[in-house]
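Colleague: From just these sequences and the hints, can you work out the full model?
Protein chains: 2
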Amino acid sequence: MPSYTAPTKDMQFILHDVLKVSQTDTPGYAELEPDFTGAVLEEAGKIASEVLAPLNAVGDTEGCTLENGVVRTPTGFKEAFDQVRDGGWTALDLPEEYGGQNMPYIIYTAVGEISSAANQAFTMYQGLTHGAASAILAHGSEDQKSTYLPKMASCEWTGTMNLTEPHCGTDLGLMRTKAEPQADGSFKISGQKIFISSGEHDMADNIIHLVLAKIPGGPEGIKGVSLFIVPKFIVKEDGTLGERNGVSCGKLEEKMGIHGNSTCVMNYDEATGYLLGEEHKGMRAMFTMMNEARIGVGMQGVAQADVAYQNALAYAKDRLQGRDVTGAKNPDGPADPLIVHPDIRRALLDQKSFVEGARAFLLWGSQMIDQSHRGKDAAAEGIVSLLTPIIKGFLTDEGFDMTIRAQQVYGGHGYIEEWGMSQFARDARIAMIYEGANGVQALDLVGRKLPQDGGKHVMAFFEMVKAFLKDNEGNEALKADFLDPLKAASKDLQQAAMFFMQNGMKNPNAALAGSYDFMHLFGHVCLGLMWAQMAKAAHEGIEAGEGDTRFYQSKIKTGRYYMKRRLPATAMHLARIESGAEPVMELEDELF
Amino acid sequence: MPSYTAPTKDMQFILHDVLKVSQTDTPGYAELEPDFTGAVLEEAGKIASEVLAPLNAVGDTEGCTLENGVVRTPTGFKEAFDQVRDGGWTALDLPEEYGGQNMPYIIYTAVGEISSAANQAFTMYQGLTHGAASAILAHGSEDQKSTYLPKMASCEWTGTMNLTEPHCGTDLGLMRTKAEPQADGSFKISGQKIFISSGEHDMADNIIHLVLAKIPGGPEGIKGVSLFIVPKFIVKEDGTLGERNGVSCGKLEEKMGIHGNSTCVMNYDEATGYLLGEEHKGMRAMFTMMNEARIGVGMQGVAQADVAYQNALAYAKDRLQGRDVTGAKNPDGPADPLIVHPDIRRALLDQKSFVEGARAFLLWGSQMIDQSHRGKDAAAEGIVSLLTPIIKGFLTDEGFDMTIRAQQVYGGHGYIEEWGMSQFARDARIAMIYEGANGVQALDLVGRKLPQDGGKHVMAFFEMVKAFLKDNEGNEALKADFLDPLKAASKDLQQAAMFFMQNGMKNPNAALAGSYDFMHLFGHVCLGLMWAQMAKAAHEGIEAGEGDTRFYQSKIKTGRYYMKRRLPATAMHLARIESGAEPVMELEDELF
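One line per chain: the protein sequences are X and R, in this order.
For the first sequence, the residue numbers in the numbering used here are 1 to 592.
For the second sequence, the residue numbers in the numbering used here are 1001 to 1592.
Don't read these hints as lab results, they were simulated from the structure.
The model shown is predicted, which means the values in this text are computed figures rather than measured ones.
There may be inaccurate statements among the hints.
[Unchecked claim] Each pair of labels, with its calculated beta carbon distance range:
1) Met-498(X) with Met-1505(R): 37 to 47 angstroms
2) Asp-453(X) with Met-1464(R): 52 to 62 angstroms
3) Lys-491(X) with Pro-1334(R): 38 to 48 angstroms
4) Asn-1330(R) with Met-498(X): 31 to 41 angstroms
5) Asn-68(X) with Phe-1551(R): 48 to 58 angstroms
6) Gly-455(X) with Gln-1495(R): 52 to 62 angstroms
7) Phe-551(X) with Met-1505(R): 48 to 58 angstroms
8) Lys-178(X) with Asp-1484(R): 57 to 67 angstroms
9) Asp-318(X) with Asn-1330(R): 30 to 40 angstroms
[What the hints assert, rightly or not] Residues from chain R that keep clear of chain X, each with C-beta distances beyond 10 angstroms, as calculated:
10) Lys-1281
11) Ala-1442
12) Gln-1502
All C-beta atoms in this analysis are idealised placements derived from N, C-alpha and C, irrespective of residue type, glycine included.
Modeller: Take a look at the structure:
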């Protein structure tokens, strides 16, 4: 049976030693003193380990069931959901006026990682609610906000996002769900949506569906899509629940993983819906939710990799098998623990260096989001927009690979369900797919974000790397191990961007054929930058003679591993990118 | 519902255009004329598509059940097993005197890929039987051979291999199963074995377990292990079945995949066993089976990748989503098929170029096995010994990654069980683990095979590459696209081997820390060599003006993709290897 311990020490290191959050001028950050964030994270970790993690396997084994239109969640989910709700954990960062705690998004991200690692399927009920609430907060009328947000902030009501239909996922312009205007200003929504996470369940009094649909007579394709609020139960004027709306769950999908979350086919049959935001501007409103969801999914990739790593590490220290070739390390035992073997250490260090680097990347990205939203910083907004597809695509690809590596450490036991490693891999797999499959993230990055505003955001990123390198150029402790490899990797990235600029104009396929490699190349540079910053902070910590020196040393050594063993991937991605469109495009469709 | 079509055309191309099997002097190969192999492969393909593939999802959904010691296989398995048995498919390559057809191993491999792709869990019942029969053939007495082989050749009786115990997998020296000698020359076997594939089921009259156990008083550790034949029912003097032996299935494991195969905990309680081979030489005998099994597992990796690719390709051509950025390809339809998008083509070409290159590698390796066994060619035996861990480790790692890429092409539908892509991924996952986890393959390659006989085998491999490059140095059609990249990749491999030689003596960890990368680097060079040979054959085919020119062109273009997009990985692996032991070893265990 796997276990989970929240990485509070590592998060505190990133928040305070690396990002120095309470010393920045991002609004709301002054309160993020170490004692405060430590208390929040410790408490979140306690619930995660004691309440959520023990339900993870239960959710996987039991799954959800649908009977007469009623979806039942696995044993214990409802009680745990109540407990999390009662603890005030579901709306840390929403405004106080709607019942939230107005904390910065960076804290929401850290707590979200902890909760997701303990139980991804469970956490999704809250995560989707949060996303829907954010969309209402950004685009709703005052009336809509006061009607829905307080109940959603408390998760008394949960939320969903309804985009996909059987014949369209990425290409939402093909959508068929209709919204007929009514005399009272509402709409009648009819159509079928699929893959609706948390679409129906028994843990909340009401479910607020955000539904994309077309108003007849509007523009063709994606420009004719609007967003609607469709509550499961109509909310009456006095805020109490009225009649059941014309929306129901037609089917639960049998999935590879996240069995504890109900993935529903949702049927809308003249359901009453209320326009959210402007007519035909539904995609803009939905993107508020999508961008947040994409960061959240990137976080899931890291979370599953971390819990899988924690268990693989414990197994590697516990399981006795074979001998250290340089001499027995456990001479009195029948064999040495797995961790003595270099290839096991390679697998563990791949995981550890990814998880810690990715966590820093996520928290730094979240700081940028706070800087953008709370600080109204357009430059930060640009960087977030650029990095979002990398956070989603790179962190979930790598996150999944790392759960596979963790599973591998268990040998045959990794394949047996009762050991729990299979679930981590199966649950992590979805993160590469939903909220825009990773190929779509790569397309978004190269086709949209890179050229945005004349390449302004990517130039700003390069400037940040350059500034970091310059600021530390005299730092001999960092130079060979961190600064030089970061410089080389960043050069590969610039060269790839240059290749796209020079060739993508003539032939867009020259850029698109390399988009996936570019996303990974960029991701490695981001993690390289994070490790260089963490190593710097660790050296400073050692010099200051305060804190846990051993911990700082582990950071430096783990970082060195990343720079030496993982970062060389950038050259390979560059070589692939520079091979251009031809290898990818020259084979005729019928010759595949 | 996924489907499967046997790649007979591709196999024929490899057998006859590339390897030119019927023109070689390997004993038995003269009969392998195109008409003959074509007929065998077509027929195997028919059974695979019509009988085995439709049972694949059934096996996954139903799984096996254990009740009162009786294991039931999924609906339809027994009938299909009878059909395959009646068709004479289970012992293509065993000697005629024992009921086999005495075909070369290369045909067994080709047919095995077809069968595995259609239904891996099902095919394992036969595959394990074949492995056990091979061990009896190589190490059994005349009496043992005549008692067991005819019934195993026909799969009236099936076989298993029993190595793992709860506390020991890789490190078999820790084994506790005991074999007490009896007055009549037999042994009483007692102990527990786990992860026994096909350990108990309802498709055969008898099950012949090959069991590793220790005879009390023998040498410590791995040197005191002997191999025993333990039949489920004792075979009487007249060949009929006698009493039930003291062996039973105590539990079926719940696994991530291959649900149609029964993975058993086997309890031996003073079961009667017969020594196979010599006392305390059990590992040697078991390795006859293991090496064959490792080739077979590599083949499973390719097989799952192929069936997943076939379905991803069909989906990519069928599913309409988005538009070709260079202009609509399906202007009259609502959208273009997925295959117009460069990143979808990238994913498909990764799969196609792997599958076809790996298939050539497997068949070439099988030819070497025939050359070694039938031709008594020691050099070929050396090459096989060197390549076995690469075939097992590299092809299953890549094979799994390719099923994941294929699943990804389906977007959200890839995650839903009813589409079948999840099963391919879950089934493919085991191949990286069983028959020696891939890390153990890397250790075997670098720790044992590379230095074997003073590095003789790897030198022979380099000579083969060199000879190929030299033989074709004037071939302008191959030079830039195939020979130059192969040369560069091979140079990376040589440099890595040199690094190990120079550093591994002083510090074995300097080599072991790079073992996994070396296995992948070596694998890429092997596939690069295969693609260069296939491109050569394709060019010759085009020049000869015979055969399917379009097919030959597809080979050249797919090969170019591999050389340009996949082979650059060798430089990354070399860089990781050359970073040596320090990044992997410097972090103290307690700082992980």
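Colleague: All hints are to be evaluated individually against the structure, with a verdict given for each.
Modeller: Hint-by-hint comparison with the structure:
The hinted range of 37 to 47 angstroms is satisfied by Met-498(X) and Met-1505(R), whose Cβ atoms lie roughly 44 angstroms apart. Between Asp-453(X) and Met-1464(R), the C-beta spacing of about 54 angstroms keeps the proposed range 52 to 62 angstroms intact. Between Lys-491(X) and Pro-1334(R) the beta carbon distance is about 44 angstroms. The supplied range of 38 to 48 angstroms therefore holds. At about 34 angstroms, the CB distance of Asn-1330(R) to Met-498(X) agrees with the hint of 31 to 41 angstroms.
At about 56 angstroms, the beta-carbon gap between Asn-68(X) and Phe-1551(R) stays in the expected band of 48 to 58 angstroms. In this structure the hint that Gly-455(X) and Gln-1495(R) lie 52 to 62 angstroms apart at CB is violated, the actual value being about 38 angstroms. Between Phe-551(X) and Met-1505(R) the C-beta distance comes to about 35 angstroms, which lies outside the given range of 48 to 58 angstroms. Judged by the Cβ atoms, the range 57 to 67 angstroms given for Lys-178(X) and Asp-1484(R) holds: they are separated by roughly 58 angstroms.
Restraint check, Asp-318(X) to Asn-1330(R): a C-beta distance of roughly 57 angstroms breaks the suggested window 30 to 40 angstroms. Here Lys-1281(R) stays apart from chain X, with its beta-carbon at least about 21 angstroms from theirs, past the 10 angstroms limit. Residue placement check: Ala-1442(R) does not keep its beta carbon more than 10 angstroms from all beta carbons of chain X (closest about 6 angstroms). No Cβ of chain X comes within 10 angstroms of the Cβ of Gln-1502(R); the nearest lies about 17 angstroms off, and the non-interface call holds.
When each numbered hint is compared with the structure, violations occur for hints 6, 7, 9, 11.
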